[in-house]
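Peer 1: Sequences are here, hints too, so could you generate the full structure?
Chain by chain, the residues:
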Amino acid sequence: MSKRTEEYFKNVPMKPYDLLREGLIVLALVMVIVVILAAIFRSPDYPTVRGEDVANIQPIAFLQTSADILAGNHGVQDYGPPYTSDTENAQSLFGVAPANWFGVTTPVDPAQDLVLNPLQRVAILNSDVATALQEYEAASPDQQQTWASAYLDGLDQATVENGKVNIPPGDYGPVDEMMAGMLALGRAGLLEGAIESGNQLPYSLNDTKSLLFFQDDVDAAVAEALNMKGDQWGVSNETGRFPGAWWLWPYAFLYQIPPMSSSPNADLQAVAIAFAAFLLLLLVPFVPVIRSLPRQLRVHRLIWRDWYHRDGTNGRGQSP
Amino acid sequence: MNLTRSAQRFLADKLTLEDALPTRLPVYVSSVAYLFGVTALSALAVLVFTGVIMALFGPDWYHGGQAPGSGLGRFVNSMHFWGAQLFFFALVAHIATKFAMAAWRDGRWKTWMVGVLALGAAIFTALTGFLAQTNWDSQWIAVQAKDAMNAVGIGAFFNTMNTGQVLTLHIVALPLLLGLLVGIHVFFIRSEGPVKPINGKQ
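Top to bottom, those sequences are chains A and B. Per the working numbering, the first sequence starts with residue 981, numbered consecutively. Per the working numbering, the second sequence starts with residue 5, numbered consecutively.
Calculated from the structure, these hints are not laboratory results. Keep in mind that the hints are not guaranteed to be accurate.
[What the hints assert, rightly or not] Listed next, the in silico BS3-like pairs over lysine-lysine satisfying Cα-Cα at most 30 Å (straight line):
| # | chain 1 | residue 1 | chain 2 | residue 2 |
| --- | --- | --- | --- | --- |
| 1 | B | Lys200 | B | Lys114 |
| 2 | B | Lys18 | A | Lys983 |
| 3 | B | Lys18 | B | Lys114 |
| 4 | B | Lys18 | B | Lys200 |
| 5 | A | Lys990 | B | Lys114 |
| 6 | A | Lys995 | A | Lys983 |
| 7 | A | Lys995 | B | Lys114 |
| 8 | A | Lys995 | B | Lys18 |
| 9 | B | Lys200 | A | Lys995 |
| 10 | B | Lys200 | A | Lys983 |
| 11 | B | Lys114 | A | Lys983 |
[Stated by the list, open to error] Which stretches of chain B does chain A cover? Using the computed rule of at least three CB atoms under 8 Å from a CB of chain A, they are:
| # | segment |
| --- | --- |
| 12 | 74-84 |
| 13 | 100-107 |
| 14 | 114-122 |
| 15 | 127-133 |
| 16 | 147-159 |
Each residue gets a CB set at the ideal place from its N, CA and C atoms; glycine is no exception.
Peer 2: Shown next as structure tokens:
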């Protein structure tokens, strides 16, 4: 032992100990427990939500998502940094909006990146879509918006028959043909590939845009069915009956109570509180009331009961 | 200045062989509460072991796809999942019991603080693990967690939907950080020995 350790344990009775033996026994036990749990329960691996599946199983939801994005209704449309340059919607706390500090680092133009660019690919293969796309891009923004809004209204009355989506007649302009092109792209399983068409192809290591496509309604509906939405304790849940990231329960709890439960700045508020709690935990040795709590809680008398019994103090006398 | 001699002096002062690999302990170290730390370390070892195996064979293997032996891959993936569950269970129990023991006393505040920092690193490592699964869970968590990251400005540097970044963070950068913090934490523990029981005096 070092002199310092020797000094610290000067009057303390010692007992034989084998650190490696203890460590190896615990490691073996942990390994056995993990193997048993893995063999019995396996692990969650719920399949991803893909454009192909949504286009085939829920074609109206697919078309609504595509038309919503085209109409400028996507959640990232006016999100602010790091996706868009407008800053008024960034979350703020006491007037401070950290999201705006570093500007746009992952530029996303939802209508262009998630619908119009993929449709450019479809247009190469389908002249009807090419014509529709030309008509749409030649129109004024107001006209584009009118068509898209009318199409979304029409979708509310749409029906599906043998996989074919029937929309009541309306003034949709070229949007009807464009959305048919999007649906065909999705059904062909090419949606994500058409969206992620960056400079690193054929490699794609960044799935930001294709993950954003369904984030608003489709993902949210799936998450709700699987009990994973924010108001259902969100990311601390796991699919099925598996334990999720339960260690995030205190953080997820913050989203269940005011003001976070209804605030547009909920994320910033929750992270700020969680960070403050983490700092408090970090500084426990120096925080007057909290560092005295263990003596009040008296759990230590249970942990060291053998020692206290031995010295006859029951935890109330001198330490060694 | 002779760096080697300084290192020798440092170790002689802070961590002798008996400190590092003790063959005797104070008699008050006699409770299951002392086993949560080594349980967390053992679960971490299982996580590193299964993680390295998964890294060797790649995502197709541990997703149970068409790759040869992918059934075994799913099993190793399951071991990694349950290893993480056990790791956090032991970690929370370790922190709770160390709090109850006021284990930061007698100059051991550094041990406590580095341990809490390691907890933070572990939570962030686990988040990237959930994001790196490339299944529905990661898909949903990516679009949800991005809002918290963006709100505090971290989103400018860490994109939860950037699969390449998430994977490299999870299997290289963050395990290195966590390993470093755990190493320092264990160094302090072995150097200073187990804190004495609380006496009755306030």
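Peer 1: If any of the earlier hints don't hold here, list their numbers in rising order.
Peer 2: none
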